[in-house]
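Position chain E against the provided structure of chain B, taking the given hints into account.
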Amino acid sequence: MIEYALNFGFVCVSLALLMNLWRLTMGPTTADRILAVDTMAINAIALLVMYGIAKGTAMYFEGALLFAMFGFVSTVAYCKFILRGDIIE
Amino acid sequence: MPFIVELIISLLIVIGGLFLLVGSFGMLKLRDLLPRLHAPTKASTVGVGGVLIASMLYFWVERGHFTIHELLITLFIFLTAPITANLIAKAYMLLNVDPHSDLPPSKQNEGWATFDPVGPEGYDPSEEYQEKEN
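Protein sequences appear in the order of chains B and E. For the first sequence, the positions run 1 to 89 when full-length UniProt numbering is used. For the second sequence, the positions run 1 to 134 when full-length UniProt numbering is used.
With the rest of the complex left out, here is chain B:
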């Protein structure tokens, strides 16, 4: 039963990633694109964790943690660059 649930989850996350890609390419403002990348990082975390369950290893957990950290840092850096014209003043 877990296999069917995982397949359903993979389909959901893939559709979500495609929607984020649409918002990333078509987003009318720069802030829309930043939001799309941030949501993409969230979806990638969920995808990695579900892939770890499907493969039965806890190895993908570290990848998910790295995605969480670098997604946050990149979003903050991009917003700071727009707000102040510089990242570390």
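No wet-lab data here; the hints were simulated from the structure. All residues carry an ideal CB built from backbone N, CA and C; glycine is no exception. Treat the hints loosely; a few may be bogus.
Here are the simulated distance ranges between beta carbons [to be verified]:
id: 1; chain 1: E; residue 1: K107; chain 2: B; residue 2: E62; range: 48 to 58 Å
id: 2; chain 1: E; residue 1: H69; chain 2: B; residue 2: A54; range: 15 to 25 Å
id: 3; chain 1: B; residue 1: E3; chain 2: E; residue 2: H100; range: 51 to 61 Å
id: 4; chain 1: B; residue 1: L15; chain 2: E; residue 2: L11; range: 18 to 28 Å
id: 5; chain 1: E; residue 1: F3; chain 2: B; residue 2: I88; range: 46 to 56 Å
id: 6; chain 1: E; residue 1: L7; chain 2: B; residue 2: V73; range: 36 to 46 Å
id: 7; chain 1: B; residue 1: G56; chain 2: E; residue 2: E110; range: 55 to 65 Å
id: 8; chain 1: B; residue 1: Y4; chain 2: E; residue 2: N96; range: 26 to 36 Å
id: 9; chain 1: B; residue 1: E3; chain 2: E; residue 2: H65; range: 17 to 27 Å
Just chain E, lined up with the frame of chain B:
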């Protein structure tokens, strides 16, 4: 693996997947950035949270020892989501909102802090650069 545990893990994965889908669909559907900011919070709380709790339960039952390191990701996302939302909203307001016509006055000597790079009304930053060069 007992049936009831398998059922709980499957339900958590399905609920998490649905919430991730709804969050991204909301970001596609809503009309403006500030409403759009509201949608992905569903994905980052219930969506990722459900999948991570499912992973925690699965490896607990599969391996036999209980670890909470999946909760680290949840904790990290819960801590950082408000900061990213605030910064994205500030970047949007700086680029797309006119503080002199769209916002109420701040009732201070200074304007709103988000609009410091824009400067007060009638301020032209190029004059300042020319003064520095002279």
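Results of checking the hints against the structure:
Range check, K107 of chain E to E62 of chain B: about 50 Å between beta-carbon atoms, so the 48 to 58 Å window is met. Distance hint check: the CB atoms of H69 of chain E and A54 of chain B are about 19 Å apart, consistent with the given range 15 to 25 Å. For the hinted restraint 51 to 61 Å between E3 of chain B and H100 of chain E, the CB-CB distance of approximately 59 Å keeps it satisfied. Between L15 of chain B and L11 of chain E, the C-beta spacing of about 20 Å keeps the proposed range 18 to 28 Å intact.
In this structure the hint that F3 of chain E and I88 of chain B lie 46 to 56 Å apart at CB holds, the actual value being about 54 Å. At about 38 Å, the beta-carbon gap between L7 of chain E and V73 of chain B stays in the expected band of 36 to 46 Å. For G56 of chain B paired with E110 of chain E, a C-beta distance near 58 Å keeps the hint of 55 to 65 Å intact. About 44 Å separates the C-beta atoms of Y4 of chain B and N96 of chain E, a value inconsistent with the hinted range of 26 to 36 Å.
Checked against the hint of 17 to 27 Å, the pair E3 of chain B and H65 of chain E passes, with Cβ atoms roughly 24 Å apart.
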